[in-house]
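Going down the list, the sequences are from chains F and P. Numbering-wise (the numbering used here), the first sequence opens with residue 1190 and increments by one. Numbering-wise (the numbering used here), the second sequence opens with residue 13 and increments by one.
Bear in mind the hints are in silico, worked out from the structure with no lab data behind them. Please note: incorrect hints may appear among the correct ones.
Residues from chain P shown here face chain F by an in silico Cβ test under 8 Å; the list is partial [stated by the list, open to error]: (1) Ala89; (2) Leu91; (3) Met94.
Predicted model only: the values in this text are computed from it and were never measured. Think of the CB as a built atom: it goes at the ideal place given N, C-alpha and C, for glycine as much as any other residue.
The residues making up each chain are set out below.
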Amino acid sequence: MEPKVNILIVDDEEIVRESLANWLEEDGYEVEAAENGARALERLPTKDWNLAMVDLKMPGMDGIQLMDEIRKARPDTIVIIMTAYATVDTAVQAMKKGAYDYIVKPFNPEDLSITIRKIIEHQKLVKENLYLRKELKKQYRLHDMVSKNHKMIEIFELVKTVAKSSSTVLVQGESGTGKELLSRAIHMESPRRDAPFVTVSCAALSESLLESELFGHEKGAFTGADQARSGKIELAKDGTLFLDEIGDISLKLQMDLLRVLEEKEFRRVGGNQLISVDSRIIAATNRELTKAIEEEKFREDLYYRLNVISVHLPPLRERKEDVPLLVEHFLERFNIEMGKNVDGVAESAMRLLLDYGWPGNARELRNVIERAMVVTKGRMILEADLSIPQAPGVAVSDGRGKSLSEMEKEHICRILHENRWNIIRSAQVLGIDRVTLYNKIRKYELKKETVLNM
Amino acid sequence: MLRKLQEHLEDYLSLAVRITGNMPVPGGSFERSRNQYNSTRILREILRETPADAIKVVGIVDKDLCIPILTFVFGEAQLGGMVSLVSIARLRQEFHGLSPDDGILFERLCKEALHELGHNFGLIHCHDRECVMYLSNTVLDVDRKQSIYCESCDAALYGKTEPWRV
Chain F
1190 MEPKVNILIV
1200 DDEEIVRESL
1210 ANWLEEDGYE
1220 VEAAENGARA
1230 LERLPTKDWN
1240 LAMVDLKMPG
1250 MDGIQLMDEI
1260 RKARPDTIVI
1270 IMTAYATVDT
1280 AVQAMKKGAY
1290 DYIVKPFNPE
1300 DLSITIRKII
1310 EHQKLVKENL
1320 YLRKELKKQY
1330 RLHDMVSKNH
1340 KMIEIFELVK
1350 TVAKSSSTVL
1360 VQGESGTGKE
1370 LLSRAIHMES
1380 PRRDAPFVTV
1390 SCAALSESLL
1400 ESELFGHEKG
1410 AFTGADQARS
1420 GKIELAKDGT
1430 LFLDEIGDIS
1440 LKLQMDLLRV
1450 LEEKEFRRVG
1460 GNQLISVDSR
1470 IIAATNRELT
1480 KAIEEEKFRE
1490 DLYYRLNVIS
1500 VHLPPLRERK
1510 EDVPLLVEHF
1520 LERFNIEMGK
1530 NVDGVAESAM
1540 RLLLDYGWPG
1550 NARELRNVIE
1560 RAMVVTKGRM
1570 ILEADLSIPQ
1580 APGVAVSDGR
1590 GKSLSEMEKE
1600 HICRILHENR
1610 WNIIRSAQVL
1620 GIDRVTLYNK
1630 IRKYELKKET
1640 VLNM
Chain P
13 MLRKLQEHLE
23 DYLSLAVRIT
33 GNMPVPGGSF
43 ERSRNQYNST
53 RILREILRET
63 PADAIKVVGI
73 VDKDLCIPIL
83 TFVFGEAQLG
93 GMVSLVSIAR
103 LRQEFHGLSP
113 DDGILFERLC
123 KEALHELGHN
133 FGLIHCHDRE
143 CVMYLSNTVL
153 DVDRKQSIYC
163 ESCDAALYGK
173 TEPWRV
């Protein structure tokens, strides 16, 4: 059945209210009438009014004033102003203030029928459109992640299911694909959402620091441990412990972690007391763990403990259809954060974004959009606002005869130097995360002096 | 013509139909500036004069009707209420500059009377162009529709008239 259409008639003359109500009711509309503006305003909250037919001249509040109030209280309600005395001035004023139509009594019945049907049809379309947009967004959205890629949507569905359990999850994917966002989403979808979500970046710390970071320590456990401290595992009590870059931890810590997973309890560094663990563990890595197992750099038993539920996030280059969606998502967010009013991305700029390979994945795209929104002067982001590496052939430095990794090493060196080894800023410029940058620094054995000597 | 209408309604609706005495058109319903009669005011008067045993009352009037907001109406009814009104003024061929034709007039009157009675029994306008409950804003609309209810309006009406059918 079609939803009821509600019409409010406001006129000080009883005969007008009654006759118009009779006429509209014959057409199947739900009609109520009010004799003045004040009474009409009382009625406003009681129903979802599709249409208000308001007389222009009424004692007290006139039709235009009432229309203002209606538009404030119920912006979706369409207002038609009715009058017996037409003047161009009032008509212009009514239309300017947002009346949908201005009708002069008496009105041809056929025209009134058509006008009302058009209004109802228009409203139906607007509502349908809003509903469909919402539905579309719902399907593509999981907390702070958006996608219309079928693999990603499958992952979103999986997350919603597994979140309810306490199983360990292993999230794999390149840097910037959203491993931490996905882990947060799992946490937020889980019954643990009100307990803490604790992140440990395993790659950024040395073995001993990471050990104390994870397990905490007792006073005097090592030089400088002048106070007892709880570790991240304890802090994540009843919540979720997110172990980022799990592939980078030492074999000793792998062993310790395996014990925690198996025994559900642990000791602080230098402590004797067993502390029980009831947090969910989500581990993430951008490394091929199976390869690391072959190379005996990663314990196979730990891998199976972690890999109860496995999620593999595809890189952005394999889901290019998400670029416009992500761009819209970031625009929306930065518009709010920066108090800006950027409407979108110009077609040529979008083409550039679609052509680019996005080695830093969605995070790199986010950084590019953030920067573009800072520098753009207009309401649209243009090609010139985008700082993405030039297309091949227009490379800044001459890379002939050099291998890709040599080029990468040099490029990273230069950016680090330019940013005085500020890791956060350099990672942003490179469009990679800090952890990846640390990894590259280690891989290429870069040191501050090396750069200075260049 | 009223007698023929009585027979037609009786046959078609299977309800007892009676012609009451004449009622003068209420003087207060005349709108001098428009040279028309206010149908809502007439409807109010009919309601006041309704016989005690009547279920529904249809007034037939030979005056051009209007309501304040519309230039004219063919008739008016209280939806689900007791009374309705049909004007034959605009149903006459001569209103449109043509020669009088009682046959055409009668057919139009039947349609409009069934239409207004339909409203009194709670039916609203039908989307079927040929159904008598289709909203007619012109005499062309009236001529285009049939003098019967469509299947779904008929079913709804049948349910509503049940207690009084003969």
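Tested hints:
A distance limit of 8 Å between C-beta atoms decides the matter here; for Ala89 (chain P) the minimum to chain F is near 6 Å, and the interface restraint holds. The restraint placing Leu91 (chain P) at the interface with chain F holds, with a minimum CB-CB distance near 4 Å, inside the 8 Å limit. Given the 8 Å rule on beta carbons, the hint for Met94 (chain P) is violated: about 13 Å separates it from the nearest Cβ of chain F.
When the structure is compared with the earlier hints, a violation turns up for hint 3 alone.
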